[in-house]
Amino acid sequence: MHVLGINAIFHDPAAALVPDGPARIHVPEPAADLALRALNAGHGLVLGDRQITHPVLPAGFWASVRAEAGNADDILMWRMHGPSWRNRAGEGRGLIRRHVLTTAAGLLALTAALRRRGTAAAVDLVLGGRRRP
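For the sequence shown, the working numbering begins at 1 and goes up steadily by one.
Just so you know, these hints were derived from the structure itself, not from any lab.
Ideal Cβ placement from N, Cα and C applies to all residues, glycine included.
There may be inaccurate statements among the hints.
[Said to hold, decoys possible] Restraint ranges, calculated between C-beta atoms of paired labels, are given here:
no.: 1; residue 1: Arg50; residue 2: Leu114; range: 28 to 38 Å
no.: 2; residue 1: Gln51; residue 2: Ala109; range: 19 to 29 Å
no.: 3; residue 1: Thr111; residue 2: Arg50; range: 41 to 51 Å
no.: 4; residue 1: Ala41; residue 2: Leu114; range: 48 to 58 Å
no.: 5; residue 1: His54; residue 2: His99; range: 40 to 50 Å
no.: 6; residue 1: Leu107; residue 2: Ala41; range: 14 to 24 Å
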């Protein structure tokens, strides 16, 4: 079995082949697809020693909206590599659940504001007009 050093893949794919055993490492999401394809081909991954420091850039008003666009990549990765892709690539759970809850809360608040009846009316609307005991 060959092990791919993920740091070297982007510079010299041939130099990334080293004889060693597989190891689970954290792979940034843009490289997760490449890592999963390497694992599916029978290769392993090892942790490299390269470190990069990126300066914090000024974020504009729409920065959080642009960051949420990454959720589309999550769906693509799920379709390409199956529901266990995050675990296999060493990725965290992601923020899709938080995104869904935040969006639902925003829609609930907007609905309440538009109906001018407050949160209770919006909750009633979401529940389909059914009252719970």
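**Request:** Compare the structure with the hints numbered earlier in the document and write down the numbers of the violated ones, lowest to highest.
**Result:** 1, 2, 5 and 6
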